[in-house]
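Trainee: Two chains, two frames, a set of hints: combine them into the complex.
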Amino acid sequence: MNKAIGNRKTLSDRIFGFAILALSILIFVIILYPLWFIVIASISNSNLVNLGQVKFWPKDIRFYGYQQIIEDTRIWRGYLNTLIYVLAGTALNMVVTMPAAYALSRRGFKARNKVMFYFVFTMFFSGGLVPTYMTISSLNLISTKTILIIFVAVNTYNLIIARTFIENSIPEDLYEAAILDGCSHFAYFTKVVVPLSKAVNSVLVLYYAVYHWNDYFNALVYNSKQENAPLQIVLREILLLNQAFASGNGGVQGGYGQSSADQVKYAVIIVSTLPILCVYPFVQKYFEKGVMIGAVKG
Amino acid sequence: MGSKNQTATANKSLGFRTKKYFEHNWQLWLMLLPAMLYILVFCYVPMYGIQLAFREYSFQTGITGGKWVGLKYFRQYFESPMFFSTLKNTFVISFWSIVVGFPAPIILAMIINQLRNKRWKKTVQTTVYIPYFISTVVMVSMINVMFANGSGVVGNFLKALHLVAADTNILGKESAFVPLYVLTGVWQAMGWNSIIYIAALSSVDTQLYDACKIDGANRWQTMLHIDFPAIVPTIMILLIMNMGNILNVGFDKVYLMQNSLNLGISQVISTYVYSVGVKSSQFSFGAAVGLFNTVINFFFLVVTNWISRRSTGTGLM
Numbered sequence: 000m001n002k003a004i005g006n007r008k009t010l011s012d013r014i015f016g017f018a019i020l021a022l023s024i025l026i027f028v029i030i031l032y033p034l035w036f037i038v039i040a041s042i043s044n045s046n047l048v049n050l051g052q053v054k055f056w057p058k059d060i061r062f063y064g065y066q067q068i069i070e071d072t073r074i075w076r077g078y079l080n081t082l083i084y085v086l087a088g089t090a091l092n093m094v095v096t097m098p099a100a101y102a103l104s105r106r107g108f109k110a111r112n113k114v115m116f117y118f119v120f121t122m123f124f125s126g127g128l129v130p131t132y133m134t135i136s137s138l139n140l141i142s143t144k145t146i147l148i149i150f151v152a153v154n155t156y157n158l159i160i161a162r163t164f165i166e167n168s169i170p171e172d173l174y175e176a177a178i179l180d181g182c183s184h185f186a187y188f189t190k191v192v193v194p195l196s197k198a199v200n201s202v203l204v205l206y207y208a209v210y211h212w213n214d215y216f217n218a219l220v221y222n223s224k225q226e227n228a229p230l231q232i233v234l235r236e237i238l239l240l241n242q243a244f245a246s247g248n249g250g251v252q253g254g255y256g257q258s259s260a261d262q263v264k265y266a267v268i269i270v271s272t273l274p275i276l277c278v279y280p281f282v283q284k285y286f287e288k289g290v291m292i293g294a295v296k297g
Numbered sequence: 000m001g002s003k004n005q006t007a008t009a010n011k012s013l014g015f016r017t018k019k020y021f022e023h024n025w026q027l028w029l030m031l032l033p034a035m036l037y038i039l040v041f042c043y044v045p046m047y048g049i050q051l052a053f054r055e056y057s058f059q060t061g062i063t064g065g066k067w068v069g070l071k072y073f074r075q076y077f078e079s080p081m082f083f084s085t086l087k088n089t090f091v092i093s094f095w096s097i098v099v100g101f102p103a104p105i106i107l108a109m110i111i112n113q114l115r116n117k118r119w120k121k122t123v124q125t126t127v128y129i130p131y132f133i134s135t136v137v138m139v140s141m142i143n144v145m146f147a148n149g150s151g152v153v154g155n156f157l158k159a160l161h162l163v164a165a166d167t168n169i170l171g172k173e174s175a176f177v178p179l180y181v182l183t184g185v186w187q188a189m190g191w192n193s194i195i196y197i198a199a200l201s202s203v204d205t206q207l208y209d210a211c212k213i214d215g216a217n218r219w220q221t222m223l224h225i226d227f228p229a230i231v232p233t234i235m236i237l238l239i240m241n242m243g244n245i246l247n248v249g250f251d252k253v254y255l256m257q258n259s260l261n262l263g264i265s266q267v268i269s270t271y272v273y274s275v276g277v278k279s280s281q282f283s284f285g286a287a288v289g290l291f292n293t294v295i296n297f298f299f300l301v302v303t304n305w306i307s308r309r310s311t312g313t314g315l316m
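Here the protein sequences line up with chains A and B, keeping their order.
For the first sequence, numbering that gives the first Met the number 0 gives the first residue as 0, with consecutive numbering after it.
For the second sequence, numbering that gives the first Met the number 0 gives the first residue as 0, with consecutive numbering after it.
Chain B extracted, bound-state conformation (with noise of 0.2 Å):
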């Protein structure tokens, strides 16, 4: 940069080069504004409101008007049998994604990575990105009709193999929450989440399957010693941005999913925050759980980005 300014303007006086300067520089704060405010006014405006958690909301005063109540509202949701259920539902949700969630995408590249035949390879590399596009309302109404009690499809198979008890209600069932969430998200997602280390699996060096070959090793062999090595940095990464969102459950497929039998288990904090904030108007409590949720969610992140650090010499901050 140094040596281009020289260059540029070598022969031309200090006072035109830091008026070239302004001149470039302003066009580039007006590009830069429309994103800022838009930035300032949905993001940092709503922080400055967060105050609304410590406050009594009243409709005459507004966000900044009511008079300050200390923790009143965290005491009142720490002290609530829902702090503990929504705490432990979130987390339960999380946990469980992530340990089935995290490996199906790793497994499934290491499989279209062996595939031989061109054309199979890519028949089944377009399939398995297609669940990505559907919405998340059409994805939670295909769950209801595939397990539908009677005739759902997918339920009634799983019945015939036994994998279910044949009087299950699937949907209905507290216990069977967890993994059709889960389950249903390995199926939406996997293929998606795959593309990367696809990618990670295509750029090993040739070279090294020829070593292989000539070494001995069969392609079992291969594929644990050569292609797996391969794509443990990209693991190590994916794994560290998802350990940092664990307690940021997604809100619109729990949401769509909940019905009456199933609250016990698929309450989380950010539907509870909906649910009392907006929903029942009580805003300063609902700013208080969601602020609570926040902290957490931004805690987590500083430990986990603090450890790749510490362990890798890599961090997202």
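Extracted from the complex, chain A is given alone in its bound form (with noise of 0.2 Å):
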């Protein structure tokens, strides 16, 4: 049976076969390219690097780059504090997220479809920025740090996900024997559910936490403190509005200035991004698996 399917490989199927292999090699490179480029300037002599010499491999190794951002002090306090909001800011949604999404998943619940309601109407209809910060501002949450951490401590979305999870995949016949021996709800939720929702928790605590990570639009309007800033601001003072490095520069003229901040900014890239990277590979299963339970509700 295999021989003869195999013995039917026709020539326009060798020709779609190598095709698509050609096309998955481009979109690999056009993919990989930039990332790779970004790792070998960061360690390249940036003269070289500005004058289109540098495309393949790394040439003129050094680490100036990594050396300024050693020494830069707003880098690690960016570090900090993006540290506190991711974990702060994560255990706050999971705790808000977890117990909410729990109750809207009883089926007997009569008032869950009003209070669903209640959620999903946000992500269609919203104040506004404007109504939104001058809520915040008559809060008196404006440039602290608790407002970057409270802040979207649910997202709809994700409660729809973990909704949706703990209702398909808990078995019901676990609910109903737990009320049997007069388990209550805090009890039912604290030792059957959270343990069977491993997969849920994972992704959502993923979610929340990528989004703390990158997250610069809050810290952007909602404060306006340098020491309570994210790791993204400085990032973007660095990167973006050519802040010059706070150590070295000073003295270095024209130039050799300009192209020595370009290294640093090379470097500054690859310092930021590496710790999601890393983590990247490990968790990458549950990412797809989120995006599944999510389409679910599609």
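The set of hints was computed from the structure by calculation and includes no laboratory data.
Don't take every hint at face value.
Unchecked claim - Beta-carbon label-pair distances, calculated as ranges: (1) A:D180 <-> B:Y131: 41 to 47 Å; (2) A:K54 <-> B:W219: 34 to 40 Å; (3) A:A176 <-> B:F298: 34 to 40 Å.
Stated by the list, open to error - Capping the alpha-carbon separation at 30 Å, the derived lysine-lysine pairs in BS3-like fashion look like this: (4) B:K278 <-> A:K54; (5) B:K120 <-> A:K54; (6) B:K158 <-> B:K252; (7) A:K224 <-> B:K252.
To be verified - Calculated from the model, a selection of chain B residues having no Cβ within reach of chain A, i.e. all distances over 12 Å: (8) F41; (9) G100; (10) V163; (11) V203; (12) F227; (13) L262; (14) N304.
Glycine included, every Cβ here is placed at the ideal spot set by N, Cα and C.
Mentor: Right under this line is the structure:
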């Protein structure tokens, strides 16, 4: 049987297979090359980089950019702030989202459709930026660490993912048995639902953590204090607003100063993106799973 | 549910049952409380604050104390030259984002699905997801470096291929803004958005492929007549969701890509709201522009939802 099919491999199929392979290689290169270029540019002589002589391999290797970063306090303070926002923010997200998702997953809970509408409505209609800003301002939360931790404490989309998971993946029999034994919702939630929701928990932790890690909008709008600035804001200052590096450059003149500033940029990109890229291969399957769970709703 | 309650409480009194019901619901409400409270304060209170758009804002009286001015700020926006230009820019950017950005992950998923070598397939998949995790700030600075006039590698490569005129300053040219925004967006999100299609493709019944082979179809025909129809429902749902967001251009990337040379094409409604409403403290005017944007989006969503209900029987609401 197999042999028969193998023999039928026609010329057109060979061409097709070859074209697909060629296209996949092209896409692979297009995706990977910019990332690879940043890596080699961060350790090459930046004059050669600017002249376009660094293309595929690093040339005249030096670590000037990384040295500058180690000495720069802004980046480390940004890192520390981001770490606080990611850890505290994600913890708060989970503590708020999971119990609410559980309550909304109870089929016997009569108000659940109305409460769901209460959440879903905010996905489609909002007060807008200015009224939100005014609200936060009247709570005296502008330029505090608190607002950057609690902002978007619950994301409605993630809430739906969690609710769908609990509803579909945790057998209803368990609930009935637990209720018969006189188990309360609290006990059932903590002893049965949470341990059985590892998959969706990890998906949500990742979604929320990446959101906090990459967030710069909230910090841009709701915070103006330098000491609260997360990493992304610091990156924007260094990478996009071209603010000179605190140490070094002061006495360096002209072209050399600019080119070393460029090398710092490449290094900053690496240092700020590396943590996520290191974690990524280990969590990739959870991200894929998250997309699947979310798609059930659509 | 009914039968469950019957078996569970068949020989218990009505009073006990009622008591038990409230006991349970009280706990559910408590579990909902933090989330509902958050939504109340940060979503519904700002909605109440929308009235700011119809009032004169003053620092003494706060949001609700100013005097009513009716549609003054809306008129101010509609009559300003910024109205047409922000609306047009927003529309053009989202239009091209959908036209180019929507088919890309579908094509990618079909290519990945056709790869026969397992290890290479896995490698390609892992690689194309990576750019999604790059933050917008880093993404935009990568664009600035790669397309910089003179030293940008990718810019120079395109110039060498004569895809771009040799004397173009890609980052400073208005006509280059939209292609740059859209294509780098494809680079970043294509892989991530393909996940859902790859999943849909992997659930195609393998008997169909065998039947195709026996009928003498080649791989290209199989892809066209088996694979593609299999993902059409997924495509439709995602297309509707995308259409509903047509005037919802993300603030982050546009704002960061703005510079004095491309502002004519890169000032969209959301960045305009930020620059007039928050940065220059014209709170009432900013609220009015923001409300206009929200209402248009809401309208688009309701219309696309209605069309999808009529044509496919499924909707979001």
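Trainee: Among the hints numbered above, which are violated by the structure, and what are their numbers in rising order?
Mentor: Checked against the structure, the hints that fail are numbers 3, 4, 8 and 14, while the rest are satisfied.
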